[in-house]
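Student: Each chain is listed here by its residues.
Number of protein chains: 2
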Amino acid sequence: VTTTIDPLVGAIPLDLPAVERKFVLPGGFVAGATTCGIKDSGRPDLALIAVTGDPAPTAAVFTQNAFAAAPVAVSKAHLASEGTGSQGLASAVISTSGCANAATGAAGEADQIAIAEHLASTLGVPVGRILCLSTGIIGTRLPVDLVAAGIDRLVPAGLSSEPSGLEAAAEALRTTDSHAKVATTTVTLLDADGLAARSVRVTGIAKGVGMIHPSMATMLAILTTDADVDQDTLHGLLQGAATKTWNQLSIDGDTSTNDTVFLLASGAAGAARVAQRSPAAVTLGAAIEAVARDLARQQAADGEGAATLITCQVTGAADDRDARAVARSVVSSSLVKAAVHGRDPNWGRLAGAAGNANARLDPTRARIAIAGQVVYDGTRDGPVPFDRDAARAAMNAPEVLFRLDLGLGDGIGEAFGCDLTEEYVRENSEYTT
Amino acid sequence: VTTTIDPLVGAIPLDLPAVERKFVLPGGFVAGATTCGIKDSGRPDLALIAVTGDPAPTAAVFTQNAFAAAPVAVSKAHLASEGTGSQGLASAVISTSGCANAATGAAGEADQIAIAEHLASTLGVPVGRILCLSTGIIGTRLPVDLVAAGIDRLVPAGLSSEPSGLEAAAEALRTTDSHAKVATTTVTLLDADGLAARSVRVTGIAKGVGMIHPSMATMLAILTTDADVDQDTLHGLLQGAATKTWNQLSIDGDTSTNDTVFLLASGAAGAARVAQRSPAAVTLGAAIEAVARDLARQQAADGEGAATLITCQVTGAADDRDARAVARSVVSSSLVKAAVHGRDPNWGRLAGAAGNANARLDPTRARIAIAGQVVYDGTRDGPVPFDRDAARAAMNAPEVLFRLDLGLGDGIGEAFGCDLTEEYVRENSEYTT
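First to last, the protein sequences are chains W and B.
Here the first sequence is numbered in this note's numbering, starting from 1 and rising by one per residue.
Here the second sequence is numbered in this note's numbering, starting from 1001 and rising by one per residue.
Extracted from the complex, chain W is given alone in its bound form (with noise of 0.2 Å):
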């Protein structure tokens, strides 16, 4: 049958250092965990990561909400202290779970700035060099005292760079999350001479299985490298990376008050500094979005009462923007997560939603692809007879893959997300404030 050896099959290759779902933490850093009793279940609710030594050249991805919380107000500033609000140096992250310290106007962000000050006053730093997370219920006020006393009780017995640490960060910043998500690996870099080279390591912990849930959980993440790399060069490559993973991502299809990424980077492995555009620093750029991709991923595939994940590629967009835009129309369409719930090979929501992208598409260029098996060709009329009893076979599995190539360009990207069940609106309608 043509339709099985069809270059639509199969996902596309991505020149990318293989990741492990290990609490493996880069040199020149510690973190640890307490419950400091924000949330009523008793589980822990505070979590920190700091850096041993000098601060660290630290980029950050915020939120683009208007109602942004007062933890992105604050790291934000702290970060435009030594830097320019979404780069500049930090000696740790704290995150408070189980409160969002969202729309809680001038008196949440004087909370969070105190909770900044107790910590920077308790590692011996500047303020400007804490910066916050927190995730939970807006509209509620942190505890202010109770969390100082989960800090006094951390820093610095509680923390340390063995995987109990970083372990302990990660299950701190669950809300909804069935399980601690971590990714982590390794690339050698190449000094500039070309000669000596060094292995440096990138780790990421993240939390948030709702896109947008601002009464009780968002998406957060820390990625933490031991490479030695300035500012400026860590904002592209987090940009960069992010571009392709986590606004690629889509649970519910919103954006949350509380979204942050932050990266640090210790140098602390002794590697030479990774000059701009340097071969050093696209082979750490690969890693960076290595481990944010399977973070990304292991979201989707965590998402709220779903049950499959989600993966859309699109090939031969007039440009990758275009072909990003296509993959993410796809999953996030409601009508497309619900057929995957229903392992419903319907290729016309595909169609549909891919139309639905505002990008450069011409139905009698595009061919679509699920789970192996053509289904559409535009080339030929449109619709492919298929095996719709294999194709259901195969789409009920943990991860189901939509391939569309749109026959205009060489534009790749992927996009990622999950099936839509009553157990997401059931989670979601039963909750109350």
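Hints were generated in silico from the structure; no laboratory data involved.
A few of these clues could be false.
[Stated by the list, open to error] From chain B, some residues computed to sit far from chain W (all C-beta separations above 12 Å): (1) Val1024; (2) Gly1105; (3) Leu1123; (4) Pro1143; (5) Glu1167; (6) Asp1232; (7) Arg1273; (8) Ser1278; (9) Ala1281; (10) Arg1297; (11) Arg1321; (12) Asp1344; (13) Asn1346; (14) Asn1358; (15) Glu1427.
[Unchecked claim] Only part of the chain W face toward chain B is listed, based on derived beta-carbon distances under 8 Å: (16) Ala103; (17) Gly105; (18) Gly139; (19) Gln298; (20) Leu335; (21) Asp344; (22) Leu361; (23) Asp381; (24) Leu420; (25) Thr421; (26) Glu422; (27) Val425; (28) Glu430.
[What the hints assert, rightly or not] Distance ranges between label pairs, derived from CB positions: (29) W:Asp54 - B:Glu1430: 55 to 63 Å; (30) W:Gly409 - B:Ala1077: 23 to 31 Å; (31) W:Gln64 - B:Arg1321: 16 to 24 Å; (32) W:Arg198 - B:Asp1319: 51 to 59 Å.
For every residue, glycine included, the Cβ atom is placed at its ideal position computed from N, Cα and C.
Please arrange chain B on chain W, whose structure you already have, making use of the hints.
Tutor: Then chain B, alone, in the frame of chain W:
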């Protein structure tokens, strides 16, 4: 309690004429329907509205979907023959339901043209004056012979200016709608000299309870009026009305491959020609908007699996465009929709969705009310204590009203949506192609 006299409470007053949900055609039109056999169910699937006199100036709004269906392409081409493509002259609108004729390539377009040609020769009009609508499953072909036989049965014996003719046509448009949708109103237009007044009628029928539903159903509407209006003026009035009504309607967040609205003006009322930007144009525009708004609200209330119509009205925005964007973002949010299903006055989700609208918004000036109670006031540091039980009770209703005042300017706007239920997921996941 101060919150009960807040201007946020209650709906925005709109200067629109009242509508009735009665099947009354304006003068100069006949309508009817038959069962030609596209649908397996044996339900009516062929609808026709025809102009009895000279061809009617006609305006159209089409889907922006890149996978636009054959009837969209054919209707655009026909309108272009004596107009611009989004306006022109028409003698009849033929609608087939059960097959979308989308993603069917050149063969599907030839099918649609053959049907238009058959109707044109039956009516004795140029084929360029036939407009087409189709709705139903994507990727299947129209049975041209069955449709042609249906046309032969319907013309002229099955067409009538009586209510039964329009009701039959509205019924035959339906796929997943639970009932046929109609709205009608009359307004009095002053002549150019401001004296001799004449009443004109605007009537619309619509179908579509999944905003995109490419395998089964899409949003279609046919509006008719017996006012005497040129193409240009008519197009301006329809665009203005659609911007405030159908473009503010979201059921599941996408734009379908077949969405089409037609507005035909017969001139049969004998009123003077409506001049562009005249007082009569304003009056007629309000009538068109009133009909469009009522149909859009009927569609939202009948949304797949939905139990509650969500209306979000926004005041105090920097401009109307921002107000509409915020309103649309609120009614489109899966989390807001699930909260309504759970009768949960979860205003954090409203704030999050509003902040995600890409509109000018300052959390310290915005205020939010749910079903008549202020729940967030940014000018007073945010959260406002409110009666949650009363809010829950008010949300347990066929319609819930959210009001946001942004405190920035005079912009107002509204949007319509529905709750997200387990039934929506079941309907859309258990359906199999």
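Student: Now tell me if each hint is right for this structure.
Tutor: Each hint tested on the structure:
Look at Val1024 of chain B: its CB is around 34 Å from the nearest CB on chain W, clear of 12 Å, so calling it non-interface holds up. At the 12 Å boundary, the C-beta of Gly1105 of chain B falls inside the reach of chain W, the nearest C-beta of that chain being 3 Å off. The beta carbon of Leu1123 of chain B sits about 30 Å from the closest Cβ of chain W, which is more than 12 Å, so the claim that it is off the interface holds. Consistency note on Pro1143 of chain B: stated as away from chain W, and its beta-carbon is indeed over 12 Å from all of that chain's, at 16 Å minimum.
Distance check for Glu1167 of chain B against chain W: the nearest CB is about 30 Å away, which clears 12 Å, and the non-interface claim stands. Non-interface call for Asp1232 of chain B relative to chain W: holds, since the shortest CB-CB distance, roughly 27 Å, exceeds 12 Å. For Arg1273 of chain B, the requirement that its beta carbon stay farther than 12 Å from each beta carbon of chain W is met, with the minimum near 38 Å. Its beta-carbon lying about 36 Å from the closest one in chain W, Ser1278 of chain B satisfies the requirement of being farther than 12 Å from that chain.
Non-interface call for Ala1281 of chain B relative to chain W: holds, since the shortest CB-CB distance, roughly 32 Å, exceeds 12 Å. For Arg1297 of chain B, the requirement that its beta carbon stay farther than 12 Å from each beta carbon of chain W is met, with the minimum near 21 Å. The claim that Arg1321 of chain B lies off the interface holds: its Cβ sits roughly 15 Å from the closest Cβ of chain W, which is beyond the 12 Å cut-off. A Cβ of chain W approaches the Cβ of Asp1344 of chain B within 12 Å, the least distance being about 5 Å, so the stated non-interface status is violated.
For Asn1346 of chain B, the condition that its CB be more than 12 Å from all CB atoms of chain W is violated, with the nearest at approximately 5 Å. Its beta-carbon lying about 8 Å from the closest one in chain W, Asn1358 of chain B breaks the requirement of being farther than 12 Å from that chain. Not every CB of chain W lies more than 12 Å from the CB of Glu1427 of chain B, the least distance being 8 Å, so the non-interface label is violated. Look at Ala103 of chain W: its Cβ gets to within about 5 Å of chain B, closer than 8 Å, so that hint holds up.
Below 8 Å, beta-carbon pairs count as interface contacts, and Gly105 of chain W has one with chain B at about 3 Å; its hint therefore holds. Given the 8 Å rule on beta carbons, the hint for Gly139 of chain W holds: about 4 Å separates it from the nearest Cβ of chain B. This hint is violated: Gln298 of chain W has a C-beta 21 Å from the nearest C-beta of chain B, more than the 8 Å allowed. Below 8 Å, beta-carbon pairs count as interface contacts, and Leu335 of chain W has one with chain B at about 6 Å; its hint therefore holds.
Contact between Asp344 of chain W and chain B, as hinted, is supported at the beta carbon level, the nearest pair being about 5 Å apart and thus within 8 Å. A cut of 8 Å between beta carbons decides the hint on Leu361 of chain W: the least distance to chain B is about 4 Å, and the hint holds. Given the 8 Å rule on beta carbons, the hint for Asp381 of chain W holds: about 3 Å separates it from the nearest Cβ of chain B. For Leu420 of chain W, the interface hint holds, the least distance from its beta-carbon to any beta-carbon of chain B being 6 Å, beneath 8 Å.
This hint holds: Thr421 of chain W has a C-beta 6 Å from the nearest C-beta of chain B, less than the 8 Å allowed. Here the hint on Glu422 of chain W is kept, as its CB sits about 4 Å from the closest CB of chain B, short of 8 Å. Against a cut-off of 8 Å between C-beta atoms, the interface hint on Val425 of chain W holds, since the closest Cβ of chain B lies about 5 Å away. Interface hint status for Glu430 of chain W: upheld, as the beta-carbon distance to the closest one in chain B is roughly 6 Å, under 8 Å.
For the pair Asp54 of chain W and Glu1430 of chain B, the supplied restraint of 55 to 63 Å holds, since their beta-carbon distance comes to about 59 Å. Gly409 of chain W and Ala1077 of chain B have their C-beta atoms about 28 Å apart, which keeps the hinted 23 to 31 Å range intact. Between Gln64 of chain W and Arg1321 of chain B the beta carbon distance is about 18 Å. The supplied range of 16 to 24 Å therefore holds. Checked against the hint of 51 to 59 Å, the C-beta distance between Arg198 of chain W and Asp1319 of chain B comes to roughly 55 Å, which is consistent with it.
Of the numbered hints listed earlier, those contradicted by the structure are 2, 12, 13, 14, 15 and 19.
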